Each structure stands twice: as structure tokens, then as C-alpha cells.
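**Student:** Here the protein sequences line up with chains A and B, keeping their order.
First residue of the first sequence: 15, per this note's numbering; consecutive thereafter.
First residue of the second sequence: 13, per this note's numbering; consecutive thereafter.
Calculated directly from the structure, the hints in this document are not laboratory data.
Predicted, not measured: the structure shown is a model, and the values here were computed from it.
One or more of the hints may lead you astray.
Simulated pairs of lysine-lysine, DSSO-like, Cα-Cα distance not exceeding 27 Å [said to hold, decoys possible]:
{"#": "1", "chain 1": "B", "residue 1": "K80", "chain 2": "B", "residue 2": "K54"}
{"#": "2", "chain 1": "A", "residue 1": "K84", "chain 2": "B", "residue 2": "K80"}
{"#": "3", "chain 1": "B", "residue 1": "K80", "chain 2": "A", "residue 2": "K85"}
{"#": "4", "chain 1": "B", "residue 1": "K122", "chain 2": "B", "residue 2": "K70"}
{"#": "5", "chain 1": "B", "residue 1": "K61", "chain 2": "B", "residue 2": "K81"}
{"#": "6", "chain 1": "A", "residue 1": "K23", "chain 2": "B", "residue 2": "K54"}
{"#": "7", "chain 1": "B", "residue 1": "K81", "chain 2": "B", "residue 2": "K54"}
{"#": "8", "chain 1": "B", "residue 1": "K112", "chain 2": "B", "residue 2": "K81"}
{"#": "9", "chain 1": "B", "residue 1": "K61", "chain 2": "B", "residue 2": "K112"}
{"#": "10", "chain 1": "A", "residue 1": "K71", "chain 2": "B", "residue 2": "K61"}
{"#": "11", "chain 1": "A", "residue 1": "K97", "chain 2": "A", "residue 2": "K23"}
{"#": "12", "chain 1": "A", "residue 1": "K97", "chain 2": "B", "residue 2": "K54"}
{"#": "13", "chain 1": "B", "residue 1": "K54", "chain 2": "B", "residue 2": "K122"}
{"#": "14", "chain 1": "A", "residue 1": "K85", "chain 2": "B", "residue 2": "K112"}
{"#": "15", "chain 1": "A", "residue 1": "K28", "chain 2": "A", "residue 2": "K85"}
{"#": "16", "chain 1": "B", "residue 1": "K112", "chain 2": "B", "residue 2": "K70"}
{"#": "17", "chain 1": "A", "residue 1": "K84", "chain 2": "B", "residue 2": "K70"}
{"#": "18", "chain 1": "B", "residue 1": "K80", "chain 2": "B", "residue 2": "K70"}
{"#": "19", "chain 1": "B", "residue 1": "K61", "chain 2": "B", "residue 2": "K80"}
{"#": "20", "chain 1": "A", "residue 1": "K71", "chain 2": "B", "residue 2": "K81"}
{"#": "21", "chain 1": "B", "residue 1": "K80", "chain 2": "A", "residue 2": "K71"}
{"#": "22", "chain 1": "B", "residue 1": "K112", "chain 2": "B", "residue 2": "K54"}
{"#": "23", "chain 1": "A", "residue 1": "K23", "chain 2": "B", "residue 2": "K122"}
{"#": "24", "chain 1": "A", "residue 1": "K97", "chain 2": "B", "residue 2": "K81"}
{"#": "25", "chain 1": "B", "residue 1": "K61", "chain 2": "B", "residue 2": "K122"}
{"#": "26", "chain 1": "B", "residue 1": "K61", "chain 2": "A", "residue 2": "K28"}
{"#": "27", "chain 1": "A", "residue 1": "K97", "chain 2": "A", "residue 2": "K28"}
{"#": "28", "chain 1": "B", "residue 1": "K70", "chain 2": "A", "residue 2": "K85"}
{"#": "29", "chain 1": "A", "residue 1": "K85", "chain 2": "A", "residue 2": "K71"}
{"#": "30", "chain 1": "B", "residue 1": "K70", "chain 2": "B", "residue 2": "K54"}
{"#": "31", "chain 1": "A", "residue 1": "K84", "chain 2": "A", "residue 2": "K23"}
{"#": "32", "chain 1": "B", "residue 1": "K112", "chain 2": "A", "residue 2": "K23"}
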Amino acid sequence: DGGITQSPKYLFRKEGQNVTLSCEQNLNHDAMYWYRQDPGQGLRLIYYSQIVNDFQKGDIAEGYSVSREKKESFPLTVTSAQKNPTAFYLCASQQGTNAYEQYFGPGTRLTVT
Amino acid sequence: AQSVTQLDSHVSVSEGTPVLLRCNYSSSYSPSLFWYVQHPNKGLQLLLKYTSAATLVKGINGFEAEFKKSETSFHLTKPSAHMSDAAEYFCAVSGMGTYKYIFGTGTRLKVLA
């Protein structure tokens with residue numbers, strides 16, 4: 015089946031530690047995205063990538079980093095510089111520009127204590 | 013600049029009654045508009061999309077939405093609510109030639125037995 019996988023589903027870390035969230039897609043989509051979701055705030059864009067080896071900051075990139083070495087993979091690292099990392103993180107992919115819908119993974123809930 | 017406003021953060025309906033979830037948008041270009049549904053702790057699933065074809069768009073699970081340019085609205089409706097419709101719904105807008113979506117803050121739909 016084609017789709018997007020995110021792992022793990024739940025992740026727990028101590029404050030001060032970096033953590034990497036995995037996102038893999040087998041839809042052959044060029045574009046991939048990372049969103050953060052907090053209650054009452056909808057989805058906020060962290061980073062996106064239109065093509066391999068290229069990515070752009072979204073609205074809330076501070077404290078996060080990404081890489082796009084392969085078309086299928088777009089991992090997100092939450093660094094210790096992110097002040098409020100506890101959130102639900104969603105990865106998505108898209109075939110092209112605006113007329114195409116985004117396909118979402120099941121999400122990773124990160125809890126930092 | 014693009015934006016989207018979901019006018020209600022919470023909507024409650026009785027099972028079997030109509031559903032109306034409201035979304036207004038702002039876009040400098042001819043927009044593409046989307047409605048997504050999210051069940052708890054899950055990713056988002058596309059319900060329907062408008063991409064400058066027919067203004068009345070039919071989606072999955074009996075939902076539909078009408079694009080009204082004069083009112084800059086894209087409201088989501090369903091004739092008869094089902095208990096399984098209880099979820100959070102997001103409206104999103106994307107503009108010409110862009111990879112970025114702008115999501116609304118979501119409307120939580122509650123269906124009463």
C-alpha cells in the first residue's frame with residue numbers, strides 16, 4: 015500500500031536532549047512537510063522540502079532541523095533549543111503545487127519532561 | 013497573502029441533523045481549497061477539494077462544500093450527521109504555484125445521540 019509512515023507513534027525525552035522523528039513515503043511525491051499541532055492552534059508549518067537536497071523554513075522553524083537526502087525520507091530533529099517541544103508532529107507529502115492535496119502520516123506525539 | 017478563518021471552534025449537532033462548518037478564505041490568487049478531517053491522535057484525511065472546476069464539490073462520507081467567490085467562503089455541509097462524523101475538521105487554502113498550505117485552526121464537531 016502507498017502511504018506515509020511516521021515512527022514512533024509516541025516518544026518521550028528528557029529536556030535538553032535532541033530527538034529525531036522519522037517520516038517515510040512511498041508515494042513518489044516530490045514535496046514533503048512537517049507540521050506541529052497544538053490544541054486550538056491548528057497546524058503550523060515547521061519545514062518543507064520541494065525536492066531532494068533542498069528545504070525551506072516554515073513559520074516556526076526555530077529549534078528544529080531537517081534533511082532531505084532521499085526522496086522518500088524527511089526526518090525532523092527537535093533540538094534542545096526548541097523551548098516547548100511537547101506537541102503532536104505530522105508529516106505530509108504532496109505530488110506538485112497548489113492543486114494537489116497533501117497526504118498525511120499518522121503523527122508522532124512527543125513528550126519532553 | 014493567503015489566510016483562512018474557521019468561524020466556529022466547536023459545533024454540536026444531533027445525530028441525523030444537518031452539519032454546517034464554516035470557512036472563509038483570503039487569497040491574492042485563484043485559490044485551491046481543501047477540507048480535511050482528523051480523528052483523535054490520527055493524521056489528517058482529505059474530505060474534498062476545490063481547484064477551479066465545479067463550485068459545488070462532493071467529497072467522501074456524504075460531505076460537500078460550495079465555493080462562493082463573492083462571499084470568499086467554502087463552507088462544509090452534510091445533510092445528516094452520523095456519530096462517526098465526530099472529529100476535528102480543518103479548512104486549508106493553497107495558492108497558484110505554491111507548495112505551501114495555510115490551515116485554519118480547526119472546528120471540533122460533536123454529534124449528540
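**Student:** K112 of chain B and K23 of chain A were given as a pair; does the straight-line alpha-carbon distance stay at or below 27 Å?
**Tutor:** holds (25 Å)
**Student:** Does K85 of chain A sit within 27 Å of K70 of chain B, going by the straight-line distance between their CA atoms?
**Tutor:** Distance ~32 Å between K70 of chain B and K85 of chain A Cα, so the pair is violated.
**Student:** Mind checking the alpha carbons of K61 of chain B and K28 of chain A for me, to see if they're no more than 27 Å apart?
**Tutor:** violated (41 Å)
**Student:** Given the hint that K81 of chain B pairs with K54 of chain B, test it: the Cα-Cα distance must not exceed 27 Å.
**Tutor:** The given pair, whose Cα atoms are some 32 Å apart, is violated under the 27 Å limit.
**Student:** Compare the distance between the alpha carbons of K84 of chain A and K23 of chain A with 27 Å, and conclude whether the hinted pair is satisfied.
**Tutor:** holds (22 Å)
**Student:** Take a quick look at whether K85 of chain A and K71 of chain A sit within 27 Å of each other, Cα to Cα.
**Tutor:** holds (18 Å)
**Student:** Starting from K97 of chain A, check that the Cα of K23 of chain A is at most 27 Å away, please.
**Tutor:** Measuring from Cα to Cα gives roughly 22 Å; hence the hint holds.
**Student:** Taken at face value, is the distance from the CA of K54 of chain B to the CA of K23 of chain A at most 27 Å?
**Tutor:** holds (10 Å)
**Student:** Is K97 of chain A close enough to K28 of chain A, meaning Cα to Cα at most 27 Å?
**Tutor:** Status holds; Cα separation ~13 Å.
**Student:** Are the Cα positions of K80 of chain B and K70 of chain B separated by 27 Å at most?
**Tutor:** Answer holds: K80 of chain B to K70 of chain B is near 15 Å, not above 27 Å.
**Student:** Does K122 of chain B lie within 27 Å of K54 of chain B when you go C-alpha to C-alpha?
**Tutor:** With a Cα-Cα distance of about 17 Å, the restraint between K54 of chain B and K122 of chain B holds, given a limit of 27 Å.
**Student:** With a cut-off of 27 Å on the C-alpha distance, tell me whether K84 of chain A and K80 of chain B pass.
**Tutor:** Judged against 27 Å, a Cα distance of about 41 Å means the pair is violated.
The earlier numbered hints that this structure contradicts are 1, 2, 3, 7, 15, 17, 20, 21, 24, 26 and 28.
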